[in-house]
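Start from chain A and add chain B according to the hints.
Protein chains: 2
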Amino acid sequence: MAPELFRMLATSDHSSVVSMNLFVALLCGCIVIGHLLEETRWMNESITALVIGVCTGVVILLISGGKSSHLLVFSEDLFFIYLLPPIIFNAGFQVKKKQFFRNFITIVLFGAVGTLISCTIISLGVIQFFKGIDVGPFDIGDYLAIGAIFAATDSVCTLQVLHQDETPLLYSLVFGEGVVNDATSVVLFNAIQSFDLTNINTQSAFHFLGQFLYLFLTSTLLGAFTGLLSAYIIKKLYFGRHSTDREVALMMLMAYLSYMLAELTNLSGILTVFFCGIVMSHYTWHNVTESSRITTKHAFATLSFVAEIFLFLYVGMDALDIEKWRFVSDSPKTSVAVSSVLMALVMAGRAAFVFPLSFLSNLAKKSPNDKITFREQIVIWWAGLMRGAVSMALAYNKFTTSGHTNVRGNAIMITSTISVVLFSTVVFGLLTKPLISCLLPHPKHTTSMLSDNGTPKSMNMPLLEQDSEADLGGREVPRPRSIRDLLSTPTHTVHYYWRKFDNAFMRPVFGGRGFVPFVPASPTERNEGQWA
Amino acid sequence: MAPELFRMLATSDHSSVVSMNLFVALLCGCIVIGHLLEETRWMNESITALVIGVCTGVVILLISGGKSSHLLVFSEDLFFIYLLPPIIFNAGFQVKKKQFFRNFITIVLFGAVGTLISCTIISLGVIQFFKGIDVGPFDIGDYLAIGAIFAATDSVCTLQVLHQDETPLLYSLVFGEGVVNDATSVVLFNAIQSFDLTNINTQSAFHFLGQFLYLFLTSTLLGAFTGLLSAYIIKKLYFGRHSTDREVALMMLMAYLSYMLAELTNLSGILTVFFCGIVMSHYTWHNVTESSRITTKHAFATLSFVAEIFLFLYVGMDALDIEKWRFVSDSPKTSVAVSSVLMALVMAGRAAFVFPLSFLSNLAKKSPNDKITFREQIVIWWAGLMRGAVSMALAYNKFTTSGHTNVRGNAIMITSTISVVLFSTVVFGLLTKPLISCLLPHPKHTTSMLSDNGTPKSMNMPLLEQDSEADLGGREVPRPRSIRDLLSTPTHTVHYYWRKFDNAFMRPVFGGRGFVPFVPASPTERNEGQWA
Numbered sequence: 001m002a003p004e005l006f007r008m009l010a011t012s013d014h015s016s017v018v019s020m021n022l023f024v025a026l027l028c029g030c031i032v033i034g035h036l037l038e039e040t041r042w043m044n045e046s047i048t049a050l051v052i053g054v055c056t057g058v059v060i061l062l063i064s065g066g067k068s069s070h071l072l073v074f075s076e077d078l079f080f081i082y083l084l085p086p087i088i089f090n091a092g093f094q095v096k097k098k099q100f101f102r103n104f105i106t107i108v109l110f111g112a113v114g115t116l117i118s119c120t121i122i123s124l125g126v127i128q129f130f131k132g133i134d135v136g137p138f139d140i141g142d143y144l145a146i147g148a149i150f151a152a153t154d155s156v157c158t159l160q161v162l163h164q165d166e167t168p169l170l171y172s173l174v175f176g177e178g179v180v181n182d183a184t185s186v187v188l189f190n191a192i193q194s195f196d197l198t199n200i201n202t203q204s205a206f207h208f209l210g211q212f213l214y215l216f217l218t219s220t221l222l223g224a225f226t227g228l229l230s231a232y233i234i235k236k237l238y239f240g241r242h243s244t245d246r247e248v249a250l251m252m253l254m255a256y257l258s259y260m261l262a263e264l265t266n267l268s269g270i271l272t273v274f275f276c277g278i279v280m281s282h283y284t285w286h287n288v289t290e291s292s293r294i295t296t297k298h299a300f301a302t303l304s305f306v307a308e309i310f311l312f313l314y315v316g317m318d319a320l321d322i323e324k325w326r327f328v329s330d331s332p333k334t335s336v337a338v339s340s341v342l343m344a345l346v347m348a349g350r351a352a353f354v355f356p357l358s359f360l361s362n363l364a365k366k367s368p369n370d371k372i373t374f375r376e377q378i379v380i381w382w383a384g385l386m387r388g389a390v391s392m393a394l395a396y397n398k399f400t401t402s403g404h405t406n407v408r409g410n411a412i413m414i415t416s417t418i419s420v421v422l423f424s425t426v427v428f429g430l431l432t433k434p435l436i437s438c439l440l441p442h443p444k445h446t447t448s449m450l451s452d453n454g455t456p457k458s459m460n461m462p463l464l465e466q467d468s469e470a471d472l473g474g475r476e477v478p479r480p481r482s483i484r485d486l487l488s489t490p491t492h493t494v495h496y497y498w499r500k501f502d503n504a505f506m507r508p509v510f511g512g513r514g515f516v517p518f519v520p521a522s523p524t525e526r527n528e529g530q531w532a
Numbered sequence: 001m002a003p004e005l006f007r008m009l010a011t012s013d014h015s016s017v018v019s020m021n022l023f024v025a026l027l028c029g030c031i032v033i034g035h036l037l038e039e040t041r042w043m044n045e046s047i048t049a050l051v052i053g054v055c056t057g058v059v060i061l062l063i064s065g066g067k068s069s070h071l072l073v074f075s076e077d078l079f080f081i082y083l084l085p086p087i088i089f090n091a092g093f094q095v096k097k098k099q100f101f102r103n104f105i106t107i108v109l110f111g112a113v114g115t116l117i118s119c120t121i122i123s124l125g126v127i128q129f130f131k132g133i134d135v136g137p138f139d140i141g142d143y144l145a146i147g148a149i150f151a152a153t154d155s156v157c158t159l160q161v162l163h164q165d166e167t168p169l170l171y172s173l174v175f176g177e178g179v180v181n182d183a184t185s186v187v188l189f190n191a192i193q194s195f196d197l198t199n200i201n202t203q204s205a206f207h208f209l210g211q212f213l214y215l216f217l218t219s220t221l222l223g224a225f226t227g228l229l230s231a232y233i234i235k236k237l238y239f240g241r242h243s244t245d246r247e248v249a250l251m252m253l254m255a256y257l258s259y260m261l262a263e264l265t266n267l268s269g270i271l272t273v274f275f276c277g278i279v280m281s282h283y284t285w286h287n288v289t290e291s292s293r294i295t296t297k298h299a300f301a302t303l304s305f306v307a308e309i310f311l312f313l314y315v316g317m318d319a320l321d322i323e324k325w326r327f328v329s330d331s332p333k334t335s336v337a338v339s340s341v342l343m344a345l346v347m348a349g350r351a352a353f354v355f356p357l358s359f360l361s362n363l364a365k366k367s368p369n370d371k372i373t374f375r376e377q378i379v380i381w382w383a384g385l386m387r388g389a390v391s392m393a394l395a396y397n398k399f400t401t402s403g404h405t406n407v408r409g410n411a412i413m414i415t416s417t418i419s420v421v422l423f424s425t426v427v428f429g430l431l432t433k434p435l436i437s438c439l440l441p442h443p444k445h446t447t448s449m450l451s452d453n454g455t456p457k458s459m460n461m462p463l464l465e466q467d468s469e470a471d472l473g474g475r476e477v478p479r480p481r482s483i484r485d486l487l488s489t490p491t492h493t494v495h496y497y498w499r500k501f502d503n504a505f506m507r508p509v510f511g512g513r514g515f516v517p518f519v520p521a522s523p524t525e526r527n528e529g530q531w532a
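Line by line, the protein sequences give chains A and B.
Mapping of the first sequence onto UniProt numbering: residues 1 to 532, in sequence order.
Mapping of the second sequence onto UniProt numbering: residues 1 to 532, in sequence order.
No wet-lab data here; the hints were simulated from the structure.
Among the hints, a few may not be true.
Identical copies carry no separate label here, and so any pair may be met within one copy or between two of them.
Straight-line distance between alpha carbons at most 25 Å, and here's what the computed SDA-like set of lysine to any residue pairs gives [as the list claims (entries may be wrong)]:
(1) Lys371 to Tyr496
(2) Lys365 to Phe130
(3) Lys365 to Ser16
(4) Lys236 to Phe501
(5) Lys365 to Pro332
(6) Lys433 to Val407
(7) Lys236 to Gly29
(8) Lys236 to Lys500
(9) Lys500 to Ser340
(10) Lys235 to Tyr82
(11) Lys236 to Lys365
(12) Lys235 to Val32
(13) Lys236 to Leu22
Next up, chain A with everything else stripped away, as it sits in the complex (with noise of 0.2 Å):
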């Protein structure tokens, strides 16, 4: 009886059916057109969906006679409680631990401290160059909202336009840096908001780091313990007992769990799943049957990719909303100038941490291959420019409701953000992939590719079995492989000591690669290395 039901309790609503229809239509578009388009080395499914979303609010806008571009009516929360979590949870799951790991001071460094000093640099500017464009009264919170808004960066496009196995140094960097921004964005923000402004000194300097580290630590913590809980359970309760269903299940519910508990506890639920993700892929992802390895790697990598597309889908249908267009239609001039204000701050922001964090950042590196060569550290300043629905999500929320009378002003930082996104996303997005190729024509760390990858899809896909082989070359070589390395690099002597306690400790309670008993119930255990 779902239909008449249906019909009855949402008489009102049939047009929110038929925008779901059409929003699914669009979604089975964009990935027929992305494939299609996967030959051109310069598009990717994000700008397609990018651009068939603005295509799509311009036919809406003309049938509706210039009312709507909209088709659904999203919240925030849609994007905050739905799509980002599977986005970040499947990049955890998927990232290659040794390189993460390997560059995590570096990651750490560009994420908290970069991100300060882009904020700084934006707001300063702001501050400097909307005196000169007639904007609207702002006070110094709204500036350093403006600086904390921009200094955002999105880590989904990261995903889309840098490649795994193409550039893992790079990869690594500035993802990784994406992740760890959220968490200094959420301690900015506090900040902003709750401390005296006029009178920033030492002790709340100390604070402030203080709230970082607790943060940062917490975060991560929760993310570790779901993981290791659900790799626990899974290995007590359900191995070689070919639950599949209920183990991928758990797995899903478990990590989505981790990211509402950081949410429910003011934690970084970006850090907290990414690191649950990171875990459990370490630990039960080899507790569970064949069918779920296989099960969970390409269905988590699926709902991210489904939620990625979705996203630059609504982002690109919601850039033509011409509620917002209105208020700046007798000042295109304004508009202009801020969005490029704005783009121009967030080039020298980036700049401004990027080559001094990496100088930095080398100076510790002995060995002359591990240092951050000046063309990739341009690639890392390029590929951190883009600026997306985070920003977007900041935005709407600063200035739709922050009960500013100056309703102008605000419609301008709206729309300027929507062209800075817009903007940065194609622009920034389609030079990417050119740049890589014209600046690392051969990039050094191709050791452990997989040369024969006929498309680029396939290669920015899981190679968690490879990883884990590298990791078990770890284990069967307990020691680093030289003096040198030892002396150079201090992160292998963590990672030798890290090995000990993992195969000491870790893996006999929580399994892992090799710590599970091998089950000859399963017909599909030899062939494992195939799936890789």
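Okay, now just chain B, sitting in the frame of chain A:
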């Protein structure tokens, strides 16, 4: 900046984050407890979820001091837009096609004529018995609506208590009936609302029949069309290119699109998505990569599994909503009497069509092996007695928004529906397994069973490969096995010509087992059989 933003956006919704956390945690709890109770043959995950839901409701009721037992405020939309489609699609995707189509006529007979008989008997009985109980002044439309509400079988419960591999005939009959039941109910509701109820003649009966046939055919064709479209797109664009994520995403989105299109055009979404699942498992599933096959098989099953648990958890929690029970607390005897009458009528109404229609169905079948035995008829009668979320959604819709002034009568109907749903699900659900093992100790259709399935869940699992191997067998020997078979069962003849048509026209265009070229690039292709 997610959590900070989240907090700012949803300060009023802090309680909803708490609710979501609790709900996800309860889902995890249900899976773990359901797994621990797996050894007891009486329990299943639905009943566990229902019981946990009721218990949580009690705890929340006590904590909130008798104010509320809800965790999340759900609409019926949630059920029909998000929970039902994956459950029904998965059922179509994993159904044994041969078994289903062999019994097609009986299934339609049960689903269409049976529902009509059941609805009539319940309506007449309610008119008769409600006079003796002080319920409220209902008109003829209300009585017919009550008939329709309690004639709606619950396909989801059936999936949980009957297992495709243990009792394939009963499963396909009872579950298939539930799917056809949906289309009948739509027509029935339209008829009740639009026809002149005091003047039922031959013309309106033909109109009714015509509407049913139109609805049944268009819904089925829409499902088949969407399924074939997905098969064609994937065969033409993707095959051999290893885009697992895209393939899985496309299958998922197109299945959902078929459901939403049916809802949009006022067809039966359940019928549409069910046939879309059947067509996808017959064509599309064979066109995708090996990883996609495993992923879809398990991911769809997992989604359906989670949706089912979610549903029962919600129904259990919703049962204790204090608002509804307040009205009937002064007259508990009336409520008990109404519930008992309804339960008895449900049993009588089902008995009134299962036994006569089985007799009719047996008349048409000459082979004694194909006939439905009396013991099987009892199980069919019993297994379809459960009423679930569909009945509850309909009752809510009818008795909370229909503008009646007599709130007491409506409240009694709502609480009685909840009582019938809880009672039938728990009692009949618990007793079905023992009843089957008592009445049918050695099910006769065991030819295609896996003998070494350790867990009930894995018995509930897809056996697509196996089913398809039966199909392949049919293709290799493309003629009825004996003349006696051909004469005795006309479905074999239909199957023979369908197979010819399928091999000559459908499979070359849409792909399917043995009709997609072998790709040597895929290293896993040769181990395919082991993944069945």
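Comparing the hints with the structure gives:
{"no.": "1", "hint": "Lys371 to Tyr496", "in the structure": "within (21 Å within a copy, 69 Å between copies)"}
{"no.": "2", "hint": "Lys365 to Phe130", "in the structure": "neither (41 Å within a copy, 86 Å between copies)"}
{"no.": "3", "hint": "Lys365 to Ser16", "in the structure": "neither (56 Å within a copy, 48 Å between copies)"}
{"no.": "4", "hint": "Lys236 to Phe501", "in the structure": "within (21 Å within a copy, 51 Å between copies)"}
{"no.": "5", "hint": "Lys365 to Pro332", "in the structure": "neither (49 Å within a copy, 79 Å between copies)"}
{"no.": "6", "hint": "Lys433 to Val407", "in the structure": "neither (39 Å within a copy, 66 Å between copies)"}
{"no.": "7", "hint": "Lys236 to Gly29", "in the structure": "between (44 Å within a copy, 15 Å between copies)"}
{"no.": "8", "hint": "Lys236 to Lys500", "in the structure": "within (23 Å within a copy, 51 Å between copies)"}
{"no.": "9", "hint": "Lys500 to Ser340", "in the structure": "neither (53 Å within a copy, 66 Å between copies)"}
{"no.": "10", "hint": "Lys235 to Tyr82", "in the structure": "neither (28 Å within a copy, 31 Å between copies)"}
{"no.": "11", "hint": "Lys236 to Lys365", "in the structure": "neither (43 Å within a copy, 51 Å between copies)"}
{"no.": "12", "hint": "Lys235 to Val32", "in the structure": "between (39 Å within a copy, 12 Å between copies)"}
{"no.": "13", "hint": "Lys236 to Leu22", "in the structure": "between (45 Å within a copy, 23 Å between copies)"}
In this structure, the hints that do not hold are numbers 2, 3, 5, 6, 9, 10 and 11, in rising order.
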